[in-house]
Amino acid sequence: MSTHPPLETDVLVVGAGPAGSATAAWSARAGIDVLLADAEAFPRDKPCGDGLTPRAIAELDHLGLSPWLEGRARNKGLRAAGFGRTLTLPWPGGSLPSHGGAAPRLELDAAIRQVAIDAGA
Numbered sequence: 011m012s013t014h015p016p017l018e019t020d021v022l023v024v025g026a027g028p029a030g031s032a033t034a035a036w037s038a039r040a041g042i043d044v045l046l047a048d049a050e051a052f053p054r055d056k057p058c059g060d061g062l063t064p065r066a067i068a069e070l071d072h073l074g075l076s077p078w079l080e081g082r083a084r085n086k087g088l089r090a091a092g093f094g095r096t097l098t099l100p101w102p103g104g105s106l107p108s109h110g111g112a113a114p115r116l117e118l119d120a121a122i123r124q125v126a127i128d129a130g131a
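Last residue of the sequence shown: 131 (our numbering), numbering continuous.
Treat the hints as calculated values from the structure; they're not laboratory data.
Among the hints, erroneous ones may be present.
What the hints assert, rightly or not - Here are the in silico distance ranges between beta carbons for each label pair:
no., residue 1, residue 2, range
1, D20, G87, 37 to 47 Å
2, K86, L22, 33 to 43 Å
3, G104, G25, 24 to 34 Å
4, A90, P114, 20 to 30 Å
By construction, the Cβ of each residue, glycine as well, lies at the ideal position given by its N, Cα and C atoms.
Construct the complete structure from the given sequences, taking the supplied hints into account.
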């Protein structure tokens, strides 16, 4: 991501969080001239967003981040607790991975953003 962006681009992605960086990576991999922009400086942290659903794990795999996910926390579902009760819900299964996970948002944003940069965004 350049600090002096070109004046013209095919696609401008505003926001270099997970969705924006993934969009920029896929666009660049498809040969589209893409500019990824964010108002904040990186690295940055967010107080939420560390949880990864099986769908998120699948997308990170497709982006080539499987090695980055190795050794990180995995979970087999969701757990909610309150009012003296606990509810545990397994992930639905199907074509998605059988597990979810967790990764600090600071690291997740940086990893996906780097994929976009490496792809040419």
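- Message: To test your reading of the hints: which numbers does this structure violate?
- Response: Failing hints: none at all.
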